[in-house]
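Residue-level listing of the chains:
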Amino acid sequence: MTSENTPVSELGLPELTTWLRRCTELVDENAPYLTDLDAAIGDADHGANMQRGFDAVAGILDAEYEDVQALMKKVGMTLVSSVGGASGPLYGTFFLRFATSAKGADALDLHALFAALQAGVHGIEERGKSMIGQKTMLDAWVPALDAYQRAGETLQGAVLAGAAGAQEGRDASGPMEATKGRASYLGERSVGHIDPGAASTALLWEALADVVRPGGPTPDGEAGADGETRADGETRADGEAAS
Amino acid sequence: MTGIVVVSHSRPLAEAAIDLAQQMVRDGGPRIEIAAGVQDPETDQLGLGTDAAAISAAIEKADDGQGVVVLMDLGSAILSARTALEFTEPDIVERTRLSWAPLVEGLVGAVVTAASGADPAEVAAQAEVASEAKHQQLAD
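Quick mapping for you: the protein sequence lines, in order, are chains A and B. Mapped onto UniProt numbering, the consecutive letters of the first sequence carry residue numbers 1 to 243. Mapped onto UniProt numbering, the consecutive letters of the second sequence carry residue numbers 1 to 140.
Simulated from the structure, these hints should not be mistaken for lab results. These numbers were taken from a predicted model, which means no experiment stands behind them. The reader is advised that the hints may include incorrect statements.
[What the hints assert, rightly or not] In silico contact screen, one side only, chain B against chain A (beta carbon under 7 Å); selected entries: (1) 49; (2) 79; (3) 80.
[As the list claims (entries may be wrong)] Residues of chain B placed beyond 10 Å of chain A at every Cβ, according to the derived structure: (4) 16; (5) 28; (6) 38; (7) 41; (8) 47; (9) 61; (10) 82; (11) 100; (12) 116; (13) 118.
Every residue gets a Cβ at the ideal spot worked out from N, C-alpha and C, and that includes glycine.
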């Protein structure tokens with residue numbers, strides 16, 4: 001897949017499969033964190049729901065897929081059927097629209113990946129009738145896309161910038177007041193808590209960054225680093241809650 | 001007859017709402033399909049949640065050619081129902097209405113109206129009127 005010396009310039013089936021496996025790992029590791037965030041402003045099921053969804057995705061990755069569209073469509077259908085909560089149709093729609101955008105492609109380069117990600121994000125906006133600033137997963141998706149587009153010279157640079165944008169967006173969701181989803185029942189009381197959907201979106205981007213990072217994902221070595229990332233996230237979340 | 005689909009996070013909730021509504025029509029009611037809960041692969045039990053693929057299958061099963069009205073509880077039930085229309089046969093989507101009526105009141109109104117042979121638009125409209133009736137009863 002990736003090697004030390006040749007930066008990834010496009011994502012084919014092997015790289016996308018690696019991304020999805022990495023998503024599963026990060027969601028598994030961070031499920032308690034996602035649930036804690038959701039306990040503060042929602043129904044405390046986001047971690048378990050995402051875990052169930054991405055465990056189901058892991059189960060379909062060993063099959064053979066004709067092209068990118070076929071794989072991503074299967075991922076979307078799997079998520080809409082297994083997550084259970086609102087993130088099911090939202091992430092499911094993301095991958096279904098991503099699939100449609102990738103129609104006919106064997107691999108996605110810098111521009112094709114942007115088009116697919118953007119189609120997915122538009123799908124989330126349309127499905128949730130939502131936009132940036134409402135304390136939802138879009139608060140991570142939209143800054144990530146913007147950062148990707150701004151950085152956009154190499155696939156690697158763009159994805160790494162996108163992942164950083166997603167993290168910033170996730171953190172910026174803390175001070176927002178929720179006007180969509182379950183958290184909107186809390187109104188002002190939702191202020192000071194990071195949005196769980198924005199946090200899971202940042203994990204998906206982190207997983208994508210791991211795929212393009214020089215040397216590719218390191219299956220063993222990074223476990224510790226991820227633990228630290230999560231701990232940081234929790235500290236930040238607690239700090240926001242206390243302020 | 002216009003078919004009905006009940007979308008809920010909880011299968012027992014859907015079943016109980018249907019029991020209540022069917023008292024109004026006994027044997028002569030419309031076809032009612034349930035899409036409720038998600039399967040937990042570890043326990044193999046049906047947990048709380050909604051599944052867009054299951055909703056799509058339920059819509060196709062409830063349709064006898066006249067169309068379908070979908071009633072749902074809250075949150076992801078709405079998002080999943082709208083997502084389900086993306087992978088339901090387009091002909092059937094054409095004659096399917098998602099109703100904003102509250103589940104229990106709406107279902108009673110929908111079942112009674114469907115039993116009279118009304119089309120999906122009329123069934124959905126009467127489901128929505130049913131919640132207004134409650135408003136009127138408490139307004140006095």
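Hints not upheld, ascending by number: Violated hints (numbers, rising): 6, 7, 8, 10; every other hint is consistent with the structure.
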